[in-house]
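Order-wise, the sequence lines are chains P and S.
Position in the first sequence counted from 1, then plus 491, gives you the working numbering.
Position in the second sequence counted from 1, then plus 641, gives you the working numbering.
Honestly, the hints are just simulated from the structure, not real lab data.
Be a bit skeptical, because a hint or two may be false.
Stated by the list, open to error - With a straight-line cut-off of 25 Å between C-alpha atoms, the simulated PhoX-like cross-links for lysine-lysine are:
1. S:Lys839 / P:Lys1199
2. S:Lys754 / P:Lys890
3. P:Lys719 / S:Lys839
Said to hold, decoys possible - DEER-style ranges, computed between Cβ atoms:
4. S:Arg808 / P:Ser564: 29 to 37 Å
5. S:Asp742 / P:Ala1217: 30 to 38 Å
6. S:Phe922 / P:Ser1004: 30 to 38 Å
7. P:Asn1088 / S:Asp742: 32 to 40 Å
What the hints assert, rightly or not - Examples of chain S residues toward chain P, derived with CB under 8 Å:
8. Pro685
9. Glu767
10. Cys772
11. Lys785
12. Leu788
13. Glu840
14. Ala844
15. Thr846
16. His893
17. His895
18. Pro897
19. Asn931
20. Gly962
Ideal Cβ placement from N, Cα and C applies to all residues, glycine included.
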Amino acid sequence: MIAKTNRRGIGMSARRFGCVAVATACLLPADGFGQQDSPALAGLTPRTIEEEIAVRELTRTSSGVEIGLGTVSSDSYKFGEYSGLKKQGPYLLGNIDFVKRSPYDSENANYWSLKGTSLGLASRNLRLEAGNQGNYKLWLEVDRLPQNQTESARTIFSGVGGANLTLPAGWAPITAADAVNTAAGRTTRAAKIDPFERTFDVGQERKNHVIGLSKFLSPNWELRASFKHEIKQGNKITGALIGNDEGNLRAVLIPEPVDYLTNQFETTLEYSGAKSQIQLGYYLSLFNNRNNSLIWQNPYAAVAGWNPAAGFPAGQGQLGLSPDNRFHQLTASGGVNFTETTRLTGNLALGRMTQDQAFLPYTINPALAATTPLPRSSLEGRIDTTLANLNLTSRPLPKLNLRASYRYDERDNRTPQAQYLYIAGDSQNQQGVATDRARVNLPFGTKQNLLKLDGDYEIWRRTRLNAGYDYDEIKRTFSEVDRTREQTWRLGLRRSVSETFTGAINLAHSNRSGSPYNGNAPYLASYSPQFTGPQTAFGTQFENHPLLRKFSLADRDRDKLRFSVTLTPVERVQLQLSADTNRDNYRNSVLGLTDSNSASYSLDASFTPAENITAYAYYTYANINSIQKGREYGVDKAAQATPLASTKDWLADANDRIDTVGIGFKIDAITNKLDLGGEYLYSQSIGKIDVFTGPAIATAGTPLPDLKTRLNGINLYAKYRLQNHAALKVNILHQKFDSADWGLDNVVPATTPLVLNTGQLSPRYSVTVIGFSFSYRYW
Amino acid sequence: MMLSAHRVIAVGICAGLLAVIAWSRSGLALDSRATGEGAATQSPAKKGVALCTLCHNENWRYPVWAIFQSKHAVMADQRTPFADGRGTGAGACETCHGVSDNHVANAVAMPPKVVFRGKNANPASEQNQVCLACHQSGLRMHWKGSLHESSDVGCVACHQIHTGRDRVLDKITQPEVCFGCHKAQREQINRISHHPIKEGKIACTQCHNPHGSAGPTLLLKTTLNETCFTCHAEKRGPFLWEHSPVREDCTHCHTPHGSIHRPLLKARIPWLCQECHSSIFHPSAAYSGNNVSLLGAPDRVLAKSCLNCHSQVHGSNHPAGVRKQR
């Protein structure tokens, strides 16, 4: 493992950030605030103290603070996934919103604001902004974002959180005899695994610190710069394999440490004129991973096909973790109004991604022979990106709008190629050039040309007919298809801004085709000729089945329909109906994805039965359906390569359905005294997968159990206003969540014979949160 | 050494910022009020305010006073509609609502020249022209020809002007505004796997620029992947062993707003992988309920399925990682 310098000391700590914030606040423009009243408002020129207060409250932004206590009824990582409310017990409620701004007619434009949300939680955010409006602005922000994934994962390893996982003393390896898919095998494995299992928490936390500055150099020129420093720490579950062939693979799910640092710097210089605008920019992103690799001790005894040294106890595995990388980008964009009705805008962005982290060895196990060294010590990976965009809009006639745009997007992958004689899964000696262990890396690149033409015409008052055409060409390197072309025709009608009716309907049809599909092009480019050459004699010179068409490259017909209508049948009722559907047909795909459809329909209603009551309700139905075909083959590879149909074909029909209902209300129960409100949310999803198999497939396919989730949530609040702009609030939130996932349910670490899994549970919870808070708002 | 270097940079940045602030306060400020202009109440802006607020006071059906809480009303900022330095032409309310002498003369029968809401509202394109007179640069540069512009979305459909707090500019309340039209996304964020939008930690505008952009689907960056890499830089590479669909477009496998297949996947693994992988033996095999009931090979379907072994699906930089197992 390559150790790196500990970087914790270089991150901008919260304390240091706080010092900067305080120092900045001390330099804030303090003069002028509140020194001048508002004499210009003719309707209420203040003459009395009461009127003066009224003017102030009406014309100045208020500040406020909310503090309180809440309590969570039970533990749940899923409930507190992003909020941080993962543990039972009390928590602090804290929100602040301070704004200090000179009166609108003051002689200066100084202001500052300090806003904090969820200050008592792990998801807290604090932002300070200050400046002189129209002159300069400075902002500082601290943000925390947890992602709690599960509390039920189990592992046998020691060293969780680190980059070197070891097995506990007394560990008895899982042997080939144990790794069988029988009840007896599961019992034997459980006897070895269970005594050493312990749970560990899985999740990450992002800590963001942002500092930014904006300065007007003149009335038309503005310079902006910002720096974002993010630390992401925690862990995640990763699959780790030892083995080198279909028959000897042994895996274990292990905790991978996450310790990332990402620094982003962005600056722009912007000119803003009535006729033309320009923006020049530079963006830099630096990613650093404190851990280069993850090493684990092999919990399996050596099996046939492995070098015996790869097995327990000496054998180890090593994963390469995300390498450090950087990205630079120069951008220029501009717009010019040729006339009042014609405008041209354009963009140019030139970027470079680079990655040159030192390579790990072919294997971590020194006993494995590696006679041919690595062809390079690091990748020197580089992708140059070019984005050019032109957009012309014009209104040649009062009722006619025309738009044309062209986009060029190139990702020129200049990463050097080399042949690597790799050692598969830290388990065997290095193989020769004439084997499938000799591979050349393929630096994929793309080049896109996209032309879009659109127009709309007002056929009746506030009713417009629109039509459009797209031509999208993408060229790829090291791909099965060198070039795809997609044409899209669009037609739509919309009626806008009517008292009782607005609506739009849009249809689009696309047709994608491409150059001939050479399914084995990447195969021939990556494997050695010494290996692929002899394969030809057997008609098996391919990796993916020749009849497979990858969906991102395949010929495709696509139809889209979008529809929305808003009705106001009576003054206090509004109804909305919307639909968004997509239908893809991969017309020439014998194997692979053949059909993919999605639809979403929503019905919304809002109701205002009285001045002090508003209510809403909605229902959304969503459906995602896909059909894909495959062919099972092994030693009969040559025989199965060419027939358009086979008794070993299979078909998978996946269907996801999601129903969501939302209901809410707000009541101003006692004017300026008591507010009541509530929301109810119900969301249910069902994922069905049916698999149909041909008669020659040994085990007939059966449907899978449904994947299910069901969320019921209700949130009620009451806010009682005291005198002097103070208020008391009580909030009750109850959520119940159930899920069923056959990939997790009833799966314990010993269930899978060749994968020592974590046995985590699919999430379910029933949590109630009650919060009491006091808030005060002032002007 | 590294620590020291970064400390120096951090201190340098802070010192630079403080210097800029000090410079900003040293007389180069744009505040024309520093010139000692007298008789401020005589400015056209203040005359305009006095005139309009005769009727549009706090008791009026459409009270407008909250505009004075907003940045638009800051008279000392010479860019605003209420700037004192606007000269003798339209100013204050009339900067946006147009010179409306007829409305002043006959308020009931004649609406202002430009009306943004209600039955007298002007078409969105006319309303937006008012806003674009000042807001045509920066994030709004590509408004003309954008999806929202060509769909007749008015600026005020999303923005509130007569307020000190525009809810679409607040990360927590912004999604409510967007979901007013984008119902499918409103549903998606409630799925088991979702970005923290409903939790108020990610706003729509952290990925999208609703005013139009050089990127696809109104994305903030010039390409979809660049947008994703702003938060997921570890997946940027370049890698020794690239996964071609990943290099091309993250949404070949992921759906950003929400999915019932974790993590934000468009379909369930292993079938998602098998849409592109059908090589000999286990990648081409038919997986079904058999594998769940432990009759078949459960290792390839349960837990993380294909990712039990092929964990480095975003690309691998390990010399032995060609099969994304290292």
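Consistency of the hints with the structure:
At most 25 Å may separate the alpha-carbon atoms for a hinted pair to count; Lys839 of chain S and Lys1199 of chain P meet this at roughly 21 Å. Only pairs whose Cα atoms come within 25 Å are accepted, and Lys754 of chain S paired with Lys890 of chain P is accepted, the gap being roughly 20 Å. Between the alpha carbons of Lys719 of chain P and Lys839 of chain S the distance comes to roughly 23 Å, so the proposed pair stays at or under 25 Å and holds. Judged by the Cβ atoms, the range 29 to 37 Å given for Arg808 of chain S and Ser564 of chain P holds: they are separated by roughly 31 Å.
For Asp742 of chain S paired with Ala1217 of chain P, a C-beta distance near 46 Å fails the hint of 30 to 38 Å. A hinted range of 30 to 38 Å for the beta carbons of Phe922 of chain S and Ser1004 of chain P is consistent with their spacing of about 32 Å. In this structure, Asn1088 of chain P and Asp742 of chain S break the distance hint of 32 to 40 Å, their C-beta atoms being roughly 57 Å apart. For Pro685 of chain S, the interface hint is violated, since its Cβ never comes within 8 Å of a Cβ in chain P; the closest pair sits about 11 Å apart.
With 8 Å as the threshold, the beta carbon of Glu767 of chain S stays out of range of chain P, its nearest partner Cβ sitting at about 10 Å, so the hint is violated. A cut of 8 Å between beta carbons decides the hint on Cys772 of chain S: the least distance to chain P is about 13 Å, and the hint is violated. Because the smallest distance between the Cβ of Lys785 of chain S and any Cβ of chain P comes to about 4 Å, under 8 Å, the interface hint for this residue holds. The beta carbon of Leu788 of chain S comes no nearer than 10 Å to any beta carbon in chain P, farther than 8 Å, and the hint placing it at the interface is violated.
Interface hint status for Glu840 of chain S: upheld, as the beta-carbon distance to the closest one in chain P is roughly 4 Å, under 8 Å. With a cut of 8 Å, the hint placing Ala844 of chain S at the interface with chain P is violated, because the nearest CB-to-CB distance is about 11 Å. At about 15 Å, the closest approach between the beta carbon of Thr846 of chain S and any beta carbon in chain P exceeds 8 Å, and the interface hint on this residue is violated. For His893 of chain S, the interface hint holds, the least distance from its beta-carbon to any beta-carbon of chain P being 5 Å, beneath 8 Å.
Hint status for His895 of chain S: violated, given a least beta-carbon distance of 13 Å to chain P, over 8 Å. The criterion of a C-beta within 8 Å of any C-beta in chain P is not met by Pro897 of chain S, whose closest approach is roughly 14 Å, and the hint is violated. Residue-level restraint check for Asn931 of chain S holds (minimum Cβ-Cβ distance to chain P is 5 Å; threshold 8 Å). Annotation: Gly962 of chain S was flagged as interfacial toward chain P, and the flag holds, the nearest CB pair being 6 Å apart, inside 8 Å.
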